[in-house]
Amino acid sequence: MRNAISKKIEGIQPSGIRKFFDVVSEMPDAISLGVGEPDFDTPYSVREEGIYALEKGRTFYTSNAGLKELREEISRYLKRKYSLDYDADNEIMVTVGGSEAIDVALRCMVDPGDEVLIPTPCYVSYLPCAVMADAVPKMIELKAENQFKLTRQELIDSITDKTKILMLAFPNNPTGAIMTREELEELVPVIIEHDLYVISDEIYSELTYDNKHCSIASLPGMKERTVTINGFSKAFAMTGWRLGYACAPKEIMKQMIKLHQFAIMCAPTNSQFAAIEALRNCDDDVDRMVEAYNQRRRFLLNSFKEMGIDCFEPFGAFYVFPSIAKFGMTSEEFANRLLREQKLAVVPGTAFGECGEGFVRISYAYSIENLKQGMDRIRKFIESL
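6 is the number of the first residue of the sequence shown in our numbering; add one for each residue after it.
Just so you know, the hints here were simulated from the structure itself, not pulled from any lab data. The structure presented is a predicted model; accordingly, all values stated were derived computationally and were not measured. Virtual Cβ for every residue (Gly too), placed ideally from N, Cα, C. Watch out, some of these pointers could steer you wrong.
Stated by the list, open to error - Result set (DSS-like, lysine-lysine): computed pairs, CA atoms no more than 27 Å apart in a straight line:
1) K86 - K167
2) K143 - K154
3) K167 - K228
Stated by the list, open to error - Listed next, with one range per pair, are the computed distances between beta-carbon atoms:
4) D288 - G313: 37 to 45 Å
5) K385 - D94: 51 to 59 Å
6) D315 - E187: 24 to 32 Å
7) E256 - K385: 52 to 60 Å
8) E359 - I14: 20 to 28 Å
9) E187 - E74: 15 to 23 Å
Could you build all of it, start to finish, from the sequences and the hints given here?
Listed below in structure tokens is the structure:
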């Protein structure tokens, strides 16, 4: 028989995150600090709205772009939060999580051979999505000494005559790095001069500490060349509801909706009704979660300092990215031994790109109690080395 598998898909490596947690799920007394999923329940009023939608029989298809009422609410939300002005009828689409929005945007915007710049360390889906879109992914290795921010010079040095898309993901997964308005403004002239487009993944936009999130699409000259991606999973603790959205110029959005139409049809209907409630009435719930994450963030940073582990201060998302280079092991070796010897799962930095070597990702989307146990196990592990 001929080979049934596409060579392109066969060449894509499985997620470097999941393999650790398949092991954890079968290991008694193991603790996982690796999955980026809020430990909070979805706000009560959002759950109630989802239940109400089901009881009322609201289980029909919505329009391909999503419920108009939800798109209008997204438009108002982005305006009041981030000074973004998107037309609900022509520039917003509701997707099955932010991941679908990334995939659709790339497939609609690149032709074979177009280069996509991907600053790393980065979310594990960017590279596979670029490959599946027949683009040429080109990694920009960010540096710890720059707090894993993309600098103007790093961008300039990576651009060729084939570059079309720049992926931006701040606040960042896995590093927790952010980029301020002033830092983004340094990139804008380069982006415009080289006629690039930006796909800006802002799924962690609500989870910032000390600095308010700035969307690059809000800067002069950038809305017309940016696809802004966001969603409900992180800020509203709605991971399983599978709901995100993309905002883009009309001509790009028209093609994205067409692809979404054939691939997905529409996002889950009762999730969409619940999301309207989240955007309208859950600012206080989000603020409480952010306050709790900030407490956990400070606890981890202080714990690493006490243990003598170097870790730059993250100002966004819910991850820390400590350096483990001093222990003379690769990230993979460190994570494997920590799991085997102390039954604690973290993610090796190389799961997010080669420049993640020497680091591990630890999520603080867990209770203080779990984090304390996790830090105790790391302390015992490094004391045994």
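Taking the hints in turn, this is what the structure says about them:
| no. | hint | result |
| --- | --- | --- |
| 1 | K86 - K167 | violated (35 Å) |
| 2 | K143 - K154 | holds (17 Å) |
| 3 | K167 - K228 | holds (22 Å) |
| 4 | D288 - G313: 37 to 45 Å | holds (39 Å) |
| 5 | K385 - D94: 51 to 59 Å | holds (58 Å) |
| 6 | D315 - E187: 24 to 32 Å | holds (26 Å) |
| 7 | E256 - K385: 52 to 60 Å | holds (57 Å) |
| 8 | E359 - I14: 20 to 28 Å | holds (22 Å) |
| 9 | E187 - E74: 15 to 23 Å | violated (37 Å) |
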